[in-house]
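**Student:** Below are the chains, spelled out letter by letter.
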Amino acid sequence: MNSGIPLQYFLILATVMFFTGVYGFLTRRNLITILMSVELILNSVNINFMAFNRFLYPNKLEGMFFSLFIIAVAASEAAVAIAIIINIYRRFTTINVEDVNEMKF
Amino acid sequence: MINFSYTIWILLLPFLMFLLLGLAGHKLKAKLSGLLGTFGLGIITFLSYLTAYKYFFTSEKIDGAFQKITALNFTWLQFTDKLHIDMGVLLDPISVMMLIVVTTVSFMVHIYSLGYMKGEKGFERFYSFLSLFSFSMLGLVLATNIFQMYIFWELVGVSSFLLIGFYYQKPSAVRASKKAFIVTRFADLGFLIGILILSFNTKTFDFISLTNPSGAAISQGSSIGFLGLSVMTWSMIFVFLGGAGKSAMFPFHIWLPDAMEGPTPVSALIHAATMVVAGVYLVARMFPIYAISAPVALDVVAYVGAFTSLFAAVIACTQTDIKRVLAYSTMSQIGYMMLALGVAKYGGETGLGYMASMFHLFTHAMFKALLFLGAGAIIHSVHSNYMTDMGGLRKYLPITHITFLIACLTISGIPPFSGFFSKDEILAAAFQSNKFLFAVEYAVAGITAFYMFRIYFSIFWGKDTQYQHTPHEAPATMTIPLIILAIGAAVSGFIPFNKLVTSDGKILETGINLVIAIPSVLIGLLGIGIAYIMYRRESTIPDKLAAMFKYSYKWAYNKFYIDELYLFVTKKIIFRYIAVPVAWFDRHVVDATMNTIASVTQGVSFRIRGFQSGQLQKYAFVFITGAIMLAVLFIYLWK
Amino acid sequence: MAANQIMFVLFSAMIVIFSILTVTSRRILRAAVYLLFVLVSTSGLYFMLNYQFLAAVQLSLYAGGIVVLIIFSILLTSHISQKFESSGLKKNIFSAIAALAGATLSIITILDYNFSATTEAAKEVTMKLIGSSLLSVNYDGYVLPFEVISILLLAAMIAAIVVAKKGAPKPTELPNINQE
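Protein chains in written order, with our numbering: chain E, 1 to 105; chain F, 1 to 639; chain Z, 1 to 180.
These are computed hints drawn from the structure, not numbers from a lab. Among the hints, erroneous ones may be present.
Unchecked claim - Within a straight-line C-alpha distance of at most 16 Å, the following computed EDC-like cross-link-like pairs (lysine to aspartate or glutamate) qualify:
id, chain 1, residue 1, chain 2, residue 2
1, E, K60, Z, D140
2, F, K618, E, D99
3, F, K554, F, E564
4, Z, K91, E, E98
5, F, K29, F, D63
6, F, K618, E, E98
7, E, K60, Z, E124
8, Z, K123, E, E62
As the list claims (entries may be wrong) - DEER-style ranges, computed between Cβ atoms:
id, chain 1, residue 1, chain 2, residue 2, range
9, E, N101, F, R576, 31 to 41 Å
10, F, T625, E, N101, 19 to 29 Å
11, F, Y619, Z, F53, 51 to 61 Å
12, Z, R30, F, I597, 47 to 57 Å
13, Z, M7, E, N101, 39 to 49 Å
14, Z, L10, F, V622, 36 to 46 Å
15, Z, N4, F, L630, 51 to 61 Å
16, Z, S132, F, G614, 21 to 31 Å
17, F, T625, Z, V9, 25 to 35 Å
By construction, the Cβ of each residue, glycine as well, lies at the ideal position given by its N, Cα and C atoms.
Whenever a hint applies, use it, and build me the whole structure from the sequences.
**Tutor:** What follows is the structure, encoded as structure tokens:
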């Protein structure tokens, strides 16, 4: 099924996705888009796990379960993060990350 | 063997009383706590008399000598098999005698204070301190080993400190208590060094094995020498330093006059009768070592004692604060005792000085406590310490007058009062061994009579002073102790000390040596006569004399400027050349190092605090860059 | 070119393009939709790798759950048509450099590394196997992480409710202890 596609391709794809997420994390100002970048990063990690599982240890299920749990963690993280974002919005009437900078010296 | 194990209660009771009054005293009524303390001390006094009776009259003697009995001993601190510190109760003639002295005077002072301290703030505190003092003094007296003695020695110093500073709102009292503590503490350093040298060489702390005249301990250390003197001599001189500090011998005497800032009963108890003779007791306790293996140290004791007695007597003639006169008189009398010890030898006829010293210690405790308590009664009714404010008091204070007169006659050595006997023994002992010291003491006897009757006449006779309110006799709680002590002072001379307390425990045959007794009485009478002429009525003779010997009078009045000398040494020399550089070093090197560290940290963090901008994405950027760098480092560069 | 290679190129192209669009789009709702496309493409990759169950989870949870959640919160906090002002150029450049450097480093490492494929036969991932593994207490069972993740989800749900429900108390609403 996956013959002809080397493992490295999947990994490179995941890398590109990961660093795209990092770039978004570093540049976006809106807290929600930052959250989306985090989702991208998590997703790229999932791809890595799946590829490793399929190519290197096809007789085991660790990678798949790891991805499964990551998806669950991502879901709960998104729920809490959005709750926090809504709270911040109420408190500061903005979700611009650069305006939420009270925790400093 | 008689069972003496109950003597532990002599130590425990005052300690328990101290804890009770110190911890719960403020919850009790003031009067109740005073009565409790007095009652407790009454029991202890009874136990002490019982012990004395049993020891002197029923315990068996071996070879005609009283034995040293260890009533109790247990290991308190065990460091190694050989090095251990014990606590216990040692009974021998001097400790039993001291037991009587301490408990009697302490009991009298407890009763007296019920009246004297009535209504004072901190009444129960006063009684708890008195109990602490009684505990530590009794522990000192009954110590079985030199280390226990040292511990209680320091405790005595602490309670003295607490009691001198009893009126802690008064700056002068605070200064005096600090002075007393620091000076005696400084002297105690010598004591500690002495203990260490002594024990290092003899391998024991225990008094019985230390002072056994034929034991190994005495002969062992004497062979090693240092700077021309044997190591035993050095250790004994150091031990005597501690004794000199507590007993206010020259040059450590400066604390005692200032210590009169404390309440008068405290002066009577601590600074006249008991604590200040601890130094004498210490020398007496170590006497076999002094006499047999450190005669040079014993000479030091004799000369320091003689010098102090003369020195203090001269100053006493010029002071006007009656408590200070009594303080100098105390120093002078303790000098007597030291001298008597110093001229004695171990055992036999030459041990007369030892017995005389202990005898004088006993009688002195009685009459000096009486003098102080009498002075307290006078101050109580006149509200002044100064002789110049007093005069003609014999009409107002009859009981105090009579008892004070008895005490003055006693200290002047007029027969048949006790001072005559004990002083006579001392003079005889000095005559036996050293004519020069005898001459000094003979002169001091005259001066003593003079200054005692100087204050006696100034207070009770002299000019009729107008008092703001008529002085009245003290309450019974104060006069009864006065009467008891007056009886003690009058008759204690008939106690056969030569049979009871001698250097080797055996009976010493003595008699009154008329060649010495008659001149000593005569010089006493001469002193009294001069005082009578000068102070019986208002006269100009004292002022004329003072004017005639202007400079020497001024010197003596200012206590020979010893205090100023100390101040000069401490302030001008020690402070300027040691303390100031040390402080400079501390401030500019030690502190500065710390301050530099702190200020550099502060400066750096002030500059780098901008990193903590609150900008989340900056943090993330730094984190990711760092992570990439670490990855590069570990994957590619670390090989 | 085999069919699966075409599929892979297609999916990866979609993932890369929509990822970049997600992080660069200046309209937030569009960014959310691009993210949805990325996630769907990822689930396509899982189908390709023959993990149907996980692909289904990815679709339902990510695409159906999280993206909807995100869109809700966007609607709560922003205007739909709101355009962001572009972020600072300097910041963009530095972030891009960091991301590119990281990507380069990772790719070089990946290409350098010699992965040794196993020779063992692939296991058929059936639903039954997944279910029994999840609840198995044996050596290859996952019941402990399963329980942990359940607790985590519960806690996250409660936390989300608590955090979102209470607004920050205004200073006047703070209980004044001194007056009691």
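**Student:** Determine for every hint whether it applies to the structure shown.
**Tutor:** Consistency of the hints with the structure:
1. Taking the CA atoms of K60/E and D140/Z, the gap is about 9 Å. The hint holds against a cut of 16 Å.
2. Distance hint between K618/F and D99/E is fulfilled; the C-alpha atoms sit about 13 Å from each other, no more than 16 Å.
3. Pair hint K554/F plus E564/F holds up; C-alpha atoms about 14 Å apart against a cutoff of 16 Å.
4. Only pairs whose Cα atoms come within 16 Å are accepted, and K91/Z paired with E98/E is accepted, the gap being roughly 12 Å.
5. Pair hint K29/F plus D63/F does not hold up; C-alpha atoms about 54 Å apart against a cutoff of 16 Å.
6. Under the criterion of a C-alpha separation no larger than 16 Å, the hint pairing K618/F with E98/E is consistent with the structure, at around 10 Å.
7. Only pairs whose Cα atoms come within 16 Å are accepted, and K60/E paired with E124/Z is accepted, the gap being roughly 10 Å.
8. Straight-line distance between C-alpha atoms of K123/Z and E62/E comes to about 12 Å, which keeps the hinted pair within the 16 Å bound.
9. For the hinted restraint 31 to 41 Å between N101/E and R576/F, the CB-CB distance of approximately 59 Å leaves it violated.
10. Between T625/F and N101/E the CB atoms are about 20 Å apart, so this pair conforms to the stated range of 19 to 29 Å.
11. As the Cβ distance of Y619/F to F53/Z is approximately 38 Å, the hint placing it in 51 to 61 Å is violated.
12. With their beta carbons about 56 Å apart, R30/Z and I597/F fall inside the hinted range of 47 to 57 Å.
13. For the pair M7/Z and N101/E, the supplied restraint of 39 to 49 Å holds, since their beta-carbon distance comes to about 45 Å.
14. For L10/Z and V622/F, the hinted distance range of 36 to 46 Å is satisfied, since their beta carbons lie about 38 Å from each other.
15. Range check, N4/Z to L630/F: Cβ separation about 37 Å, and the 51 to 61 Å hint is violated.
16. Taking 21 to 31 Å as the suggested C-beta distance range, the pair S132/Z and G614/F does not conform, at roughly 50 Å.
17. Under the hint 25 to 35 Å, the C-beta atoms of T625/F and V9/Z, about 33 Å apart, fit the expected range.
This entry does not satisfy hints 5, 9, 11, 15 and 16, going by the numbered hints stated previously.
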